[in-house]
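Novice: Okay, here's what each chain looks like letter by letter:
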Amino acid sequence: MLITSLLMSINQLLPVVILCLLLNGLVDLTRKQLLVILGSGIVCSFAYVQSAAIVSQLFEHRGLEFTQIMVCCIIFIASLLACNQQKWAASVAIISAMVLYLSHYIIYIVGFWQAKEAAEPLLIGTLLGVGICFSFGTLFYFLLETLKTHFGDNSLHILLASNATAKLLIVIDLASQIDVLDITTRYVDWRGFIAENSELGRVLKALMGYEATPSLTALWVYTAAFSVFVLVCLLIGKKSQFKETL
Amino acid sequence: MRFISVILLGVLLNLVNTHAYADGIVVDKVYHPYVLPFERELEWRIVSHQTGSGNILAQRIGLGSAINDTMSLEGYIIGERDDNGDFGLAGYEVELRWQLVEQGRLWADWGALFELEKHHNSDVYEATTGFLWEKEFGKSSLTMNAFLVYEWGGDIKNEWESEYRAQYRYRYRSEFQPALELFVGEDFFGVGPGFIGLHRFNGQRQLKWEVGFITEISQSEKNHSFRLALEFEF
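Chains as they are written, first to last, in our numbering: chain A, 1 to 246; chain B, 1001 to 1234.
Misleading hints may appear alongside valid ones.
[What the hints assert, rightly or not] One side only, chain B facing chain A, incomplete, derived with CB under 10 angstroms:
1) 1044
2) 1046
3) 1048
4) 1057
5) 1086
6) 1087
7) 1172
8) 1175
9) 1202
10) 1209
11) 1234
[Said to hold, decoys possible] With a cut-off of at most 16 angstroms between alpha-carbon atoms, the simulated EDC-like pairs for lysine to aspartate or glutamate come out as follows:
12) B:1029 - B:1115
13) B:1157 - B:1123
14) B:1029 - B:1069
15) B:1029 - B:1231
16) B:1222 - A:189
17) B:1222 - A:179
18) B:1222 - A:28
19) B:1118 - B:1074
20) B:1208 - B:1069
Note that these hints are calculated values from the structure, not bench results.
Quick reminder that beta carbons are idealized off the backbone N, C-alpha and C, glycines included.
Turn these sequences into a full structure, and let the hints steer you where they fit.
Specialist: If you want it as structure tokens, here you go:
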């Protein structure tokens, strides 16, 4: 239970921490703004969990999947807009990511909290997970600052592109679950290279959606979406620089 | 003169429509009848079409530019997943959009669309022509497209087809506009929700996005489509 809680908290919190730091590195949110965004994210996550029973009945009982697909698309688009210093877009992306990941986590905590023997390992596992995410977040923050200083915003754009595009892989999985899309049976096997459940595998999954056995469909969608994201970011940046020069 | 030519085109479409509807993937983009002067655009679309017999997954990337104040030319490369699960080049397309009337000048706005598509590695061509129509009602907009399609080539039976697309959207905020979409083609009558958004940057640059889920409702067998489109104008 302890290990499960630890892994669950890392899996669900780390992607939020990474996206939050990436966006903060690009749009320079103030501490107050960040707190408001995080608070709103928590409230929205609870609201989503509360309404899950009603939402799940929509669209022929595929409402939850459809809303999560929508949330993933919103994260992708809002992250793209945040490349142009749009604070509201960064806020939307962070809140949406919190709704996507924290809702699972809240359901997990609420589900096991009332079990007598589960409460203690749940609490310890969660605290450990939060601690690990906090430590990783601190290191990642300084890494991003270093990258920004040496290579400029474009390095963050590329990291954000890989992170935001990873949300489209979730769309593919969800669409496959509700029979809107068929993932090909052909897979690429990278388990010998980096295992998905290794430390590095988990970090890469949270950072850029790494999967040890991705389908060819996922790879093609990822490649196309990543290219479009980077290209649009570059076009926005190019025009802004041109304007500054003038 | 432009208006009359579009009316004639509409009449022609209706005449042909009594005998022909389009096959293939009907779910695609609903076009708006506007062209921005000097616009250049980069576009990416992905469509998944799931039926009882299988899944078609297609992506297209396009690059276009306005050639004058009212016309825009765009080229696409289309990628599709084959039976082995591999993605590959499926075709190329050239598209000309023509804004026929100045926005807001008439009761509704009109445009025309001309497309020419060639399938990769097969002797299949497809020419599409049609009109684009849009009317705003307060905070709502209704957009309709009617297309006449002619397919020909050595690897396909020559035939005329037609397609209709419609989109009703509520312009709640420019970034979030819930919509209801309708697509009609051969043995296909699909309807479903979607959302559309637009963000304007400095100058003429803007990013548009569209997401939609379309379900076929005229037949009992499974037929769902998911589409996502991203368009950057600069």
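Novice: For each hint, tell me whether it holds in the structure or not.
Specialist: Here's how the hints hold up against the structure:
| no. | hint | result |
| --- | --- | --- |
| 1 | 1044 | 4 angstroms, holds |
| 2 | 1046 | 7 angstroms, holds |
| 3 | 1048 | 4 angstroms, holds |
| 4 | 1057 | 6 angstroms, holds |
| 5 | 1086 | 6 angstroms, holds |
| 6 | 1087 | 4 angstroms, holds |
| 7 | 1172 | 14 angstroms, violated |
| 8 | 1175 | 8 angstroms, holds |
| 9 | 1202 | 6 angstroms, holds |
| 10 | 1209 | 5 angstroms, holds |
| 11 | 1234 | 5 angstroms, holds |
| 12 | B:1029 - B:1115 | 13 angstroms, holds |
| 13 | B:1157 - B:1123 | 11 angstroms, holds |
| 14 | B:1029 - B:1069 | 23 angstroms, violated |
| 15 | B:1029 - B:1231 | 11 angstroms, holds |
| 16 | B:1222 - A:189 | 32 angstroms, violated |
| 17 | B:1222 - A:179 | 9 angstroms, holds |
| 18 | B:1222 - A:28 | 47 angstroms, violated |
| 19 | B:1118 - B:1074 | 14 angstroms, holds |
| 20 | B:1208 - B:1069 | 20 angstroms, violated |
When held up to the earlier numbered hints, the structure conflicts with 7, 14, 16, 18 and 20 and fits the remainder.
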